[in-house]
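K.L.:
These protein sequence lines are chains A and B, in that order.
The first sequence finishes on residue 471 if you use UniProt numbering, and the numbering steps up by one all the way, no holes.
The second sequence finishes on residue 471 if you use UniProt numbering, and the numbering steps up by one all the way, no holes.
Mixed in with the good hints, there may be bad ones.
Claimed, not checked - Among chain B residues calculated to face chain A with C-beta under 8 Å, some are: (1) 62; (2) 65; (3) 71; (4) 82; (5) 84; (6) 85; (7) 87; (8) 92; (9) 98; (10) 157; (11) 303; (12) 427; (13) 428.
Hints are computed from structural coordinates only; laboratory data are not their basis.
Positions of the beta carbon are idealized from the N, C-alpha and C atoms, including for glycine.
There are 2 protein chains.
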Amino acid sequence: MAKAPVLTPRGADFPRWYQDLITKAELADNGPVRGTMVIRPYGYGLWERMQAEMDVRIKATGAQNAYFPLLIPQSYLTREADHVEGFAPELAVVTHGGGKELEEPAVVRPTSETIVNEYFSKWVQSYRDLPLLINQWANVVRWELRPRLFLRTSEFLWQEGHTAHATYEEAREFAARIHRDVYGDFLTNVLAVDFVAGRKTPRERFAGAINTLTLESMMGDGKALQMVTSHELGQNFARAFDTRYLSKDGTQEHVWQTSWGSTTRMIGALVMTHGDDDGLRVPPRLAHVQVVVLAVKDDDAVLAKVRELAERLRAAGLRVRVDDRTDTPFGRRAVDWELKGVPARVEVGPRDLAQGTATLVRRAPGSKEPVALDALPALLPGYLEDDQALLLRQSRARRESRTVDCASFEEAVEAASAGGWARVPWSVLGEEGEVRLGERALTVRCLLAEDGSVPGDGDAPGNVAIVARAY
Amino acid sequence: MAKAPVLTPRGADFPRWYQDLITKAELADNGPVRGTMVIRPYGYGLWERMQAEMDVRIKATGAQNAYFPLLIPQSYLTREADHVEGFAPELAVVTHGGGKELEEPAVVRPTSETIVNEYFSKWVQSYRDLPLLINQWANVVRWELRPRLFLRTSEFLWQEGHTAHATYEEAREFAARIHRDVYGDFLTNVLAVDFVAGRKTPRERFAGAINTLTLESMMGDGKALQMVTSHELGQNFARAFDTRYLSKDGTQEHVWQTSWGSTTRMIGALVMTHGDDDGLRVPPRLAHVQVVVLAVKDDDAVLAKVRELAERLRAAGLRVRVDDRTDTPFGRRAVDWELKGVPARVEVGPRDLAQGTATLVRRAPGSKEPVALDALPALLPGYLEDDQALLLRQSRARRESRTVDCASFEEAVEAASAGGWARVPWSVLGEEGEVRLGERALTVRCLLAEDGSVPGDGDAPGNVAIVARAY
């Protein structure tokens, strides 16, 4: 079946393709207040699956969920100097409540370090109360002047972790553990999005942190996207809010802290990593609809078989939807599921039925073949695992083929400006080179150690900088 | 073991007992902005279980989750006259964003009917798009002058459902279905909170609704709490936002709508329904910690047995926590779990171990007995089901014993003022009587039909009013 060109091709205009896909796959709409968004059911279903997979990994670290207020007294923000400098330009401010002007304006949380510390300082008394490991699923508001759906929105959904520890080393190890075992594992094994795991330069750190770890992924156009970050906060907020504990030695000590977050931006990353000219391709392990079983025609035998097959696939552990909207042309429905990137489509028509087969269309490889109906429940889970692996391989291959080893500032600028990433010794760039990259709309995405691992020391000899244009 | 009186007794000062329990069981703290709250991990764990149980019931109706923006242009609120009148006094208003005064102030959503309809009017084109069944898990802000944790907070968490249907009858049936199969079922089978299911009088309806269904429960002090509501919105918002569809006959028709919500207030209801002078009693089906296995002493054999038993109880399908904080006195830990209302406590000490037994303390009946360690995994699930049923029976018995049939306005005032509920013919009260009740701080909680069912018509002869003081 020939397909109508439903999307602007990626090669013609990548940003337009992205916007087209999000609209036509019914992932999200722009909200009425500038930069806000409406996440539609299909898009929200992706977020629910991300939440479920992240939540289990977060809880496995011992962290517990809690909820802190949306509204933060404006004065809290100012207590940590770097923090307020970083966030002041993005704040939304509530000045009136209950029909009256407030005595002190409240900001809508842009992040919760300040209000969390206000309570940590009450809850933490002794070393027995440590570590204190808290996570929150919430909305935050950061005013955006150049919004783009999912990537930069004035309101977004996220999880933010906040922890307090007795020692620097413990906090450092916990930030690294989240980076590796929660975020890294989730990207690799669920999102199928390849990344480099590195350390931010001081210039790119979170406002108030002493160290920021990041996962950076290459999007379909070669640009970088910061996927998630995990911060060591040192004792900055502990000092600002006097969060102290009684040590085993009987002394009062400030706690050492971490914070870490992942957002609905990951839905944008999913689109820009796995999308193609026909739409999204959702990795099977993530998909809230893994298989759609389509009735090609309004025919009793077909409809009965479609429902029976759906039940058998569910019994095989798959997340299945039935599409029996036979008053909508079959071609339009097929295009719709392709746009939405459902991993497998099983099409059942009267002719198939007579032969005991169905047509199986796998979204990731783009294959289409007849399969025996009875064999599907046993075969499909394995196929989906293959397709999950394929998506990760493709994502990895893109980064590897479009990353160039560079020896100089000029080479790095050239490689990164040509739509790829540059790997260049940090000693060649330095902070001065980093500023000059900024003038060319390029950034150091992160630093890697010589062996490719996350550097414990940002200035260690042999550190390599990843330079790219970024979202 | 004699217990220290950790809480103000309920009989001495019910509001103080409530506040004490919430603080000491570590459910929540007051937030810094007036009326806001911090939900602590143990309290949030209850909310997560409520969300999980509700979400599965909501999805079973065919509704899908989505997310609408927090910030709503102020002008949206004014489009539906009753709606703005109801909510204007409670709004929090954002006047500044990104360092500038906004051209149009945005309100922090107090509820989302207006912004939802703005999008429904785009998404709904034809009868094929109906019914449109959406649910959202979110935070909302309604400025509170007399806040009380969980019961009335300036920010609370909730789910809000919004649906659009082709006909009045369909919308009406859907609102009733949510009321019965989602909310009623959840309260009965998970929260173990008894209720009457009725219809609000016009005076007590949601601002913008043509009919509001409610579940009203009796708290430990005899007052009523509105647990959840489900509204028929008629075509009020559809007209205000021009939400129309092309019918099968080719005509343009306004949709018929419902909305329905349940909030973190249910945590307050849980406390005031099942709490006793020793703390909370969490119904086993709700509990995120159903069983805590306590190591009485720091002893290797004890600790090994505690962990092994915990694993066996988990294998039996229970949600289990180990308490091996042996550097905290045992008595203090036991009191803490009692305060938190964990349904079952299994205490393992060296003496028990020698006898192959443990001490089982069941929170709901308050029983304490030795049990054979090996028998526990088989016995405990059944015990917990018994305790779940006990809590519901106690809740029902309270309402039944403290509800008085009354024949006149005066009798109703007397019964409801004495700390119970009055059942009085609606024809005896009428709207004028309802106003006079208000002067005595009493309200008509809802109307019931003569046979106790939800009245289809608020003015049907035989309708009975439930009159009570309410939270």
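K.L.:
Now look at each hint and say whether the structure bears it out.
P.N.:
Verification of the supplied hints:
1. 62: Given a least distance of 11 Å, the restraint on residue 62(B) is violated.
2. 65: It holds, given that the least Cβ distance between residue 65(B) and chain A is near 5 Å, below 8 Å.
3. 71: holds, 4 Å
4. 82: The hint is violated - residue 82(B) has no Cβ within 8 Å of chain A, the shortest such distance being about 18 Å.
5. 84: violated, 13 Å
6. 85: violated, 13 Å
7. 87: violated, 11 Å
8. 92: holds, 5 Å
9. 98: holds, 3 Å
10. 157: holds, 7 Å
11. 303: Where the cut-off is 8 Å and the nearest Cβ of chain A is about 18 Å from residue 303(B), the hint is violated.
12. 427: Violated. Min distance 38 Å.
13. 428: violated, 37 Å
Against the hints set out earlier in the document, violations occur for numbers 1, 4, 5, 6, 7, 11, 12 and 13.
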